[in-house]
Each structure stands twice: as structure tokens, then as C-alpha cells.
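*Asks:* Listed below, chain by chain, are the residues.
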Amino acid sequence: MDAANPLLSVDRLTIDIGGANVVDDVSFTVAPGKVMALVGESGCGKSLTSYAMLGLLPPAARRTAGRIMLENTDLAALSERQFRKARGKDISIIFQEPSASLDPLTTVGSQIAEAYRVHHGVSKAEAYEKARQMLVDVGIPDPTRRLDQYPFELSGGMCQRIMISIALICGPRVLVADEPTTALDVTIQAQILDLMKKLVADRGTAIVLITHDMGVVADIADDVAVMYAGRIAEIAPVHDLFRQPKHPYTALLLASVPKLDDAPKADLATIEGTVPTPNEFGAGCRFTERCPLATDKCRTEQPPLFDCGGGHRSACWHIDRMAEIREVAA
Amino acid sequence: MSEQQNVLEIRDVAVHFGGRGGLLGKAGPVVKAVNGVDLDIARGETVALVGESGCGKSTLSNTIVGLQAPISGSVRISGEEVVGADRRQLNDIRRKVQMIFQDPALSLDPRSTVGATIGEPLIVRGVAKGRALKERVATLLQQVGLRPEHADRYPHQFSGGQRQRVVIARALALEPDLLICDEPVSALDVSVRAQILNLLVALQKRTGVSYLFVSHDLGVVRHICDRVVVMYLGRFVEMADRDTFFANPKHPYTKALMSAVPEADPQVQRSKERLILGGELPSPANIPSGCAFHTRCPLATEICSKERPELTSRADGARVACHHA
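For the protein sequence lines, the chains are A and B, in the order given. Just so we're aligned: the first sequence equals residues 26 to 355 in the working numbering. Just so we're aligned: the second sequence equals residues 62 to 386 in the working numbering.
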């Protein structure tokens, strides 16, 4: 991780819904041209964290602490008016279901051009030309014809390319991608992931990738933050995380994915129980109830993120006992 | 029924949609969703049906349970013909084949307790009532890893994984021979997926039920299946037993699928050979001539756009429909 020169740094972000810290003390940084993956199961707070970066928190959610620094600007402190200027230009987002994000009654060309005209005082013709170039960049064949089409005339993969065009046309430095390929078929997913890699490399865009798919993480991420019940359980460069997970949750999560060399129909490692709901959060580590390593200390004391060196940090009191987890998982 | 008898036998099934009485009396396009498909599933066997959206796998599943009539061909479940069966016959056949879907929340009635949901097929079929029904429901709940007292709860009181267990319990209530699992773990969180896969394997060992496992996740397929069938635009393009299939995939589409599914290991994933398909799945209303895959195929030559390759057997037992594989 390029900690020395981060573009975006989320610093001790805490978000409250109904008195519970659904995002609790979350910190990470992303450097230009890098992909930071936020991984976790439903309800772990990964989407809320990313929505906070764009001022898109639902009304019930409130940021109670922390900063989101995009270079020298604290995004979390912006007013809605200021956010309107920042969104699209400094930071953009794409969502899981592209057809739900596009206006069905407007041509895709006008939707892309609009995104440009909001931030640049140019003529319609000029904005359309920009949009056409953008379609070329995201690999859409026959762009001139496509500009005049409506979303329903395009496939899911095409619509996601349109979304990426809208998100990137003003050259934002940060792109938040919330499960960008989950709704797509695998061969189309591969195309979109390749496109994202290319854009990162060509434009130096920093990507915050929200996903639950360890395969997608393995493909595209530089760094990974594993979230559990609103907290970061472990954060590490991607190779370190997969090779040597230092949090029981990560280790079990990785072990529960079927591998090439597994015996067919052998029992997969499972994580017993379910994720606690916010009103079940205790004083200690939130993974305690499902953790094979849990002790009394875990129940009462929240572990801090211990530094394991090389940018690898884990919030577990028992990092030295990880070998036991590997036995459980094997 | 003899032990050797196949649970499912499909012969030359074709399912087409549309074509007549379209808007303003004009004939609409014919969507050839499934074409010339043959498939057998043996007792206790798990066959994976792999393909992308629009390839016809859901249409085929619906045809097997008699929800969709084919225009030609035969579908036999435990020896009994589904195609052309009347309502009463279909009713009998449907005890032997059940289906579970991707999203358990959409498969359960939110206003019924799970006990009532699981018991309903037993009541409808007159299998059990009263105390016996309650006991049977309790046993089913335990079989899927839930507790008997869960019978009084409603779906919203369960997590996604638990709801899928309820759906499985209901599907197993009538002790079917064949369970069609349509993406049964895709909507579930990763840690819960493993629990449901383990459950499906354990239930099969105990009851001998066969699975037709529809999925796009080759990691899951490799884990749970005995045989794999790949479908593209309504036709099977490759079928092989699990080890042959994964050790030596032959059809270029199969190879592309394997290359597209990201491995959960950055080292493997980033060093593997990539074969990224251009373009998109053509519309099933306008299937390309010859081999339907030739528009996206890296190996395509002239013959591919003219002649449709048949499924032919290879030395290792795999069957592949490709001129060049």
C-alpha cells in the first residue's frame, strides 16, 4: 500500500443508525491507480462506508466521527451543495444493477453528455463528442449509433459500460464500484473487470471496490479490507491476505470457497451461526460468537487493529493462534 | 423401480416460443430456447447445467417439471412421460421432481409459518395430517439443520441461509427422485453458501436424491457435481464427467467460461491463461447459422458458419460439439 501518498484516506469513520455503530472506526487509504477492495457479507457496512464517500447515506444514517479526506478536502464535511460539485468530477460511483441506475426514457448519449455538461460549460454538440470518445474508451463498438439508443436496447454488460462512461467522463480521481459485476454473466464480468484494470492503468483512477466475491478480489484488487459487522477485521495487500490471513474470519471465509484441489463433495469449512444484528453488538470482538479461537477476553474487549508489518493489520487477540484455524479449515 | 433406471431421460427436446399471432396479426420471431437436447441423470447422481443467461437452462428446467411444453421430444421422470401427460398424470409425476430457486425469500409465502409451508405438499397429497404431519415436519426441519420449534416462525424471522434450508425441506417433503436446483446458493453470503452445499451433499448421501444443478459458478460445480453439461444458445456444446471436464475442457466456449470465472487465489488468477470472449450472447430469436458460437469463437473458420457440429464422443468419454476441438 502506498501509505505515504494516498489520494483518498478514510480516517476512523463511524456511522450510526438508531444508536448502533453500523460502521465503526473504519480507516483505510487508496493511492492513485490502485484498487482497494472492501469485502464482507451483507450487513458488514461496506456499502454504507462507500455511500458516505459520496454523501449518499440514507436519512437514518449519521456520521458520528471520522473524516474522508480526498487530498485536502474532507468529503464527510461537505454540504449537499458542495457535494453536487464534487460528485462526478472528483469522485464517482457505479452500482450493481446498471439498468436500475440509468434513466429508461433518455438516450444513453444524452445521459453521458449531461454528466459532462453539469461540470463543464460546453455546448451540447461538444458534450456529445466527449460522450462518443468515452464510449470508444470503454470499448463500445459503433459508438455514434449507440449514443442515440435507450437503455432497454442494450444488454446488461453494455449498460454497465455506459454507467462507467457516465462515472468517468469528468475524469474523477476516485471511482467507487459497488458490486459492479455481480449482476452480469461471467464472460461479461471478465470483460468489465479487464476494462476497469485498463482504466486504472491509463488514467490513474483510484478504485474503491465493494464486493463479496473473493474471485473478483483476487483478480483486480491491490489491497483488501475485510469487514465484519461494521468493523475492519483485517486489512492487507492482496497476496498477503490470501496467502496468510491473520484473522479467523478471513481464514474461514477463504476456506469456505471450493478450491481446485478439494476432494469432490468433501465437507467445506463453514462459519457456524450468522452475522450479529446491530442490536446484538457486544462490547468485545463482534466475531466472538462464531469464532473457534474465542476466549473471555474476546467477549469483553474489542481488539484494536494490530500491525503485523508490510501493511498487514488484523483486529484479533489471537493472531499467534492462526495455525489452529488452518487446522479447523483443512 | 429398478436401481439402474435413470431418474431423468430427456430425448431430443426442443422448446420454441412465439412465431404466430404476434402484434397486428404478423408472425413474430421464433425464439428457439432449447434445441435437440438429450440428457440422462442416474439415481443419486448430480449433473451440473452450466451456461449464461439466455442459454436456455431455465427453459429446460421448466420443461422437465412440466411447466413448459416442448414442441417435440420426450421427457421421462423415473420412467414416466411428462410430455403430453394430462393434469392428473402430471400431478403424479410432480411428486417425483421438485425445484428450488435462487432467492429463498421469493419462494416462501411471507404470511405462512414455515411449518405450514413445509407441510402443505404433504396435506395436498394426503400423505399426512394431524399429529403425523407435525412429526413429519419436525423431522424435515431437523434434516435440513433447523429445529422443530422453528415450525411456528415466519420466513422474515430467518436469515437467508435458513430460508434456503426451509425451501429445501419443503422440496424434500414428498421424497422426490430428482431435485432441480436453480442457482441455489448464488443469492447467499459466502460463509452460508458452504453450509448449504454441505447440506445438499449430506441429503443426497442419505436419501439418494439426484440433482440437476443449474449454476454459473464453476467452483461450486466442480465441488458438488458428478457430471457437467454446458449449454449455449439452446444446445449442449459439451458434456463430460467432472474430472475429465475440469482436467481437459475441449469446447472453446467451455474454455472461455473457465477462464472467465475468477479463482479465489490472486497468484493462480493473475497467472492463468486468459481467453476473454468478445461480444455478447446473440439473441435466441436470431441464432447464428452453423455453430451458434462461431460469432464469438477464437477458432472459427468457414465451416463453422455453415455446418452445425453435432455432439461427438471423444477418447476420454467427453462429448463435444465443435469442428475444431
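Among the hints, erroneous ones may be present.
As the list claims (entries may be wrong) - Listed next, the in silico EDC-like pairs over lysine to aspartate or glutamate satisfying Cα-Cα at most 20 Å (straight line):
| id | chain 1 | residue 1 | chain 2 | residue 2 |
| --- | --- | --- | --- | --- |
| 1 | B | K190 | B | E210 |
| 2 | A | K284 | B | E210 |
| 3 | A | K290 | B | E210 |
| 4 | B | K266 | A | D238 |
| 5 | A | K290 | B | D287 |
| 6 | A | K284 | B | D287 |
| 7 | A | K222 | B | D326 |
| 8 | A | K284 | B | D304 |
| 9 | A | K284 | B | E244 |
| 10 | B | K333 | A | D50 |
Because the hints were derived from the structure by calculation, they are not lab data.
*Asks:* Taking each numbered hint in turn, which are not upheld by the structure, reported in ascending numerical order?
*Replies:* 2, 3, 4 and 10
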